[in-house]
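Sequence lines, in order, name chains X and S.
The first sequence begins at 1 in my numbering and counts up by one.
The second sequence begins at 1 in my numbering and counts up by one.
Source of the hints: derived by calculation from the structure; they are not laboratory data.
The structure presented is a predicted model; accordingly, all values stated were derived computationally and were not measured.
Where hints are given, some of them may not hold.
[Unchecked claim] No more than 30 Å apart at the CA atoms, straight line, and that leaves these computed lysine-lysine pairs for BS3-like: (1) S:10 x S:24; (2) X:128 x S:24; (3) X:132 x S:30; (4) S:24 x X:132; (5) S:30 x S:104.
[Said to hold, decoys possible] DEER-style ranges, computed between Cβ atoms: (6) X:42 x S:107: 42 to 52 Å; (7) S:44 x X:59: 16 to 26 Å; (8) S:103 x X:30: 30 to 40 Å; (9) S:87 x X:134: 41 to 51 Å.
Positions of the beta carbon are idealized from the N, C-alpha and C atoms, including for glycine.
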Amino acid sequence: MELTRRKMLAWGSGTFALATLSAIPAFANLTDDAIAEFTSGADLGEGAITLTAPEIAENGNTVPVEVDAPGAAEITLFADGNPVPNVVTFKFGPLSASRSASTRIRLATTQNVVAIAKMEDGSFQMAKANVKVTIGGCGG
Amino acid sequence: MASGVKPRVKVPKTAAAGDTITIKTLISHKMESGQRKDDDGNIIPRSIINRFTADFNGENVIDVALEPAISTNPYFQFEAVVPEAGDFKFTWYDDDGSVYETSKSISIG
Numbered sequence: 001m002e003l004t005r006r007k008m009l010a011w012g013s014g015t016f017a018l019a020t021l022s023a024i025p026a027f028a029n030l031t032d033d034a035i036a037e038f039t040s041g042a043d044l045g046e047g048a049i050t051l052t053a054p055e056i057a058e059n060g061n062t063v064p065v066e067v068d069a070p071g072a073a074e075i076t077l078f079a080d081g082n083p084v085p086n087v088v089t090f091k092f093g094p095l096s097a098s099r100s101a102s103t104r105i106r107l108a109t110t111q112n113v114v115a116i117a118k119m120e121d122g123s124f125q126m127a128k129a130n131v132k133v134t135i136g137g138c139g140g
Numbered sequence: 001m002a003s004g005v006k007p008r009v010k011v012p013k014t015a016a017a018g019d020t021i022t023i024k025t026l027i028s029h030k031m032e033s034g035q036r037k038d039d040d041g042n043i044i045p046r047s048i049i050n051r052f053t054a055d056f057n058g059e060n061v062i063d064v065a066l067e068p069a070i071s072t073n074p075y076f077q078f079e080a081v082v083p084e085a086g087d088f089k090f091t092w093y094d095d096d097g098s099v100y101e102t103s104k105s106i107s108i109g
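Full structure from sequences and hints, please.
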């Protein structure tokens, strides 16, 4: 094949387009990626996990959240509008009583908080809550 | 070591054997997320507590992995079963390698 300037340009822009195409969805679905990594692609059930979060949080720096999933071995929280989607992972030991925990988290903007529980039988349960944030918690 | 780190834990003093108790923990820590910028536009490096564990007589109650999205002064509330009298041990692991520990004893009454 003879390398002409025209062919080189066509080839170059093609690779560039391919690179952008593959890069953009990966960025947009950071949370989905993080969830898939946690569940390794397993199906997500609903109902056996409760996520309690305020509907409106005035201050995104401290948003109280509570998760409760009877029979869970592990619960992870994700925030899909934060620069880093992972928030916290609770691993319950043998002396843990109710498989529930509460903490305070930072939310950058109005977004969904997702809780995924890995149950003791290996299945996964999901709960989602939308939180409206008045002042973001990521510093300016 | 981040300055002014002080763990605070609330555990009932007594419980019946096999009872479920609620534990509240708080540690003062600035939890610098690594996302903020200072006045000159330089990113302030991340400095957080990345792990917290609670054990009772050597058996694990909860093991928490913290990310920068946990608020300043990380607070946790959870429940534990108390099978016998003994000591709760709480441990926080800082990004800089420091470990903060505190313990509370509980008696059966």
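- [ ] Identify every previously stated hint that the structure contradicts and give their numbers, smallest first.
- [x] Structure breaks no hint.
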